[in-house]
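Peer 1: Fit chain B to the supplied structure of chain A, relying on the hints for placement.
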Amino acid sequence: MNPAPPPLEAACIPLSLYLHFPWCVRKCPYCDFNSHALRGDVPESAYIDALLRDLAFDLDQHPDLPQRPIRSIFMGGGTPSLFSGRALGGLLAALSQRLSFADDIEITLEANPGTIDEAHFADYRMAGINRLSIGVQSMDAAQLKRLGRIHDPDAVRSAVAVARRAGFDNLNLDLMFALPEQTPEQADADLAAALALEPEHLSYYQLTLEPNTEFAARPPPLPADDEAWTMQQQGLQRLAAAGFARYEVSAYARSGRQARHNLNYWRFGDYLGLGAGAHAKLSGSAGVRRRARHKHPKAYLDTAGSAEMIQEDRIVSAGELVFEFCMNALRLDAGFGWDEFEQRTGLPSSVLRAALAGPAAQAMVVADDTGLRPTPLGLQHLNTLLTTLL
Amino acid sequence: MKQSNIRNFCIIAHIDHGKSTLADRFIQICGGLELREMQAQVLDNNPIERERGITIKAQAVSLEYKARNGEVYQLNLIDTPGHVDFSYEVSRSLASCEGALLVVDASQGVEAQSVANCYTALELNLDVLPVLNKVDLHNAEPERVAKEIEDVIGIPAQDALRISAKTGLNVPDVLEAVIANLPPPKGIEDAPLQALIVDSWFDNYLGVVSLVRVINGRIRKGQKMRVMSTGKDYEITSLGVHTPKRVFKDALETGEVGFLIAGIKDIFGAPVGDTLTDPSRPCAEQLPGFKKVQPRVFAGMFPIDADDFEDFRESLSKLRLNDSALQYEPENSTALGFGFRVGFLGMLHMEIVQERLEREYDINMITTAPSVVYEITGTDGEIRKIDNPAELPEGSEFEDIREPIINCRVLMPPDYVGPVMQLCMEKRGTQRNLKYFGNQVQMEVEMPMGEVVLDFFDRLKSVSRGYASFEYEFLRFQEAPLVKLDVLVNGDKVDALATIVHRDAAYARGRDLCERMQELIPRQMFDVAIQAAIGSKIIARSTVKAMRKNVLAKCYGGDISRKKKLLEKQKEGKKRMKQVGAVEIPQEAFLAVLGVERKSSKAD
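Protein chains in written order, with our numbering: chain A, 14 to 403; chain B, 18 to 621.
Bound-form chain A, shown alone (with noise of 0.2 angstroms):
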């Protein structure tokens, strides 16, 4: 039997908003997320009308939405690049006249390196667009083709010679390691290569098998667990020399640089979520509420701003909460302040530190009288620490 959550003061905790683009030019062998061949032209006024009426039914149910600043925006995908800059900068202009943006507000778009040309850049920056996520993945044209990207590295190249000049200052390049059969040699090249280009964040994160990809179905020979060890290792070395700082698993920025989006789902902050298959959480007077839309393009197409979009709604018990933000914030190098904790979840902290008084998370946690924050090997085993606080 889990307890009823307490209620929690949504005023209080930061709002970011995130947007899904479900289309791509074509799907990866790697990806899970919620992405779709596209078949003829990205029907893109239909699924910006769409994107707003989807909007018009959260503020209907949430008055208290446009009080609340917006921190950041992410548009994600699928292949947001496929969208014209003109169509995204009537979105934005659109939002902005339903809540309240930030000042300083962080506005990032994934961009992929094989859908970018120089106005379209320039445009998006002209929309208001400040941040450019870049989905490289590698820079090893051999592995870009078995990873089903439809890029090369020279596209890369060009394409963050272009984002620049169209006034781009904050830039971070994804980049993955122990790709099938990579070895150390070759992913550290890799890295080089990626950070030659000099961006401001880089997401570098381990190639793993997802459930329901090409990859799951067929896998591929991935190095071992010992070298793919030894090439975060490398990378971790190799990325503070070049003067990045790893603040989360797989991310890693120059100072002040840090994905303000991302830090907000590892602070559990709240987060609208507009689109097919977008999640959104809300905190208010019953707890944490997550929702989820549905997830394929013509079923959200068709019922966005109705309640039929919604396909997953509930509330978090207060047994999953401490669990929840822990999965979140036990990411982060630096770990999470108590304050933080139970403005978030509404428990006390005592809570958490007596869901994490076992052996387990001895070597694994340094609890003080701030807060909590994960020890190098906790950061590593961060799912052995979970499973216990399941």
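Derived from the structure by calculation, the hints contain no laboratory data. Every clue listed holds true.
In the DSSO-like style, the derived pairs of lysine-lysine whose C-alpha atoms are separated by at most 30 angstroms in a straight line are: (1) A:311 / B:582; (2) B:249 / B:238; (3) B:586 / A:308; (4) B:571 / B:581; (5) B:580 / A:158; (6) A:40 / B:582; (7) A:40 / B:571; (8) A:40 / B:581; (9) A:308 / B:588; (10) B:571 / A:158; (11) A:40 / B:586; (12) B:571 / A:308; (13) B:566 / A:40; (14) B:580 / A:40; (15) A:311 / B:580; (16) B:581 / A:308; (17) B:580 / A:308; (18) B:571 / A:311.
Computed far set for chain B versus chain A, every beta-carbon distance over 10 angstroms: (19) 20; (20) 142; (21) 175; (22) 244; (23) 252; (24) 282.
C-beta atoms are modelled at their ideal positions from N, C-alpha and C, and glycine is treated no differently.
Peer 2: Below, chain B alone, put in the same frame as chain A:
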């Protein structure tokens, strides 16, 4: 039913030789069940029995058969377990019969356990009627097998009926032969009541139900009965027979077999092998009863979650209501906490108890490697039994140690004599006898029982491609140079992993054990050192290298519930692991000493 028209008999057969199919045919012919009610293997009630195709508990069905001579007969078929672990159950079943059918697969020939059961039947003065089954198979050799029965068992078999229980060929002739060739009971009808308790079990709705054989006199519903060993009297509330449907009757007559219920609280109130009589007119003496069985194999059983200890105790006590051979007492292990030392008749018995605890009682537990009982003479001259290797004192603290020796009879085709002999020598066996009977060879070997419980059965099956069978009996305790092999995990001795081994094999065993443990213990957050030691001397070691990381590469706001499922799966995998110090050890590692992975040994 008058005694001359009653036949009490059982079927002796090896697993898969067709006993259950034949019994089903009998029931069908006698109309005990409508066709739609027939469920394959009607007699094996327990789901574990049905799945493994074995019989654990004795059962009885009472069939009404209209013979070709026009007379109606009552045929009581008492089922018998076929596995060596349950041989005591066999002798019980046999004691309630006048005759037995020996069913042999005409394509395979006789097998050790059937031979042993047949000898028991002959010793109990039963008439044995051989039947050759599966003659419809293209590789059936009824002539050869008939000769084999004559050679190995020594009963005439040339005229044995050739049947196929599967197709029904000649099955009615078997019933006619039972009437013609097996004797009826010869009790005294007007003598004082004397009945044998063949089996007792606990039924959640009815309480204790006893299967009884009326030897002399008759037994009526509503009468008082006395359990002779305890002197306690009970009123019989109901009695009857299984057809196999439960049919209530007013009385069981002389020579009949049936069940009775008398408001007895637990099966120890109606001990198997005891004699029932009428307190108002008691019989002069008790029936001989059965030899009490001693558990020969012991293992520790520990709940994975210490909070489940009381549930575990209750489950064991419930299980014992139906399994008087099961023995247990509390055990406290430094590594595994509170649990029980449980005694079994053999390995199959152990597996079945383990399976029932998990399935029927939902107990999540760790079972340690099975051990036999050793005898030591202390420096003070006192003799002690050791059923737990962890309790063996240091070598200097006792004079000598003795291990149980068993006499094994292995039956196999001649091609496998070499490999089987080699296996027996490896297990420190001493060959006593070797007899050739046409296509079968019988080898008698004395072996330490401790070696047999390890992996002998699986190895025997594998070196003989499944053709060898064996049965055994306890012979004596015999002195041997045995030492305790300890296992240390990250420097700490794990008492539940200790075993007793022959000194000459200790080094090899230690090495094997370390290697197997290394494979069986999953990688953890840190290196895990595994060491084997005799006394304070480390003789082998291995290391389970640390798992580098176990963390989701990606986790953004999106799909928390999917990631959560992934972690729940990880947690599920830990259910069969016990935390020993900081190390998580899976069930399989505690059984590593058994060598080859023990598959469910279909061993009837």
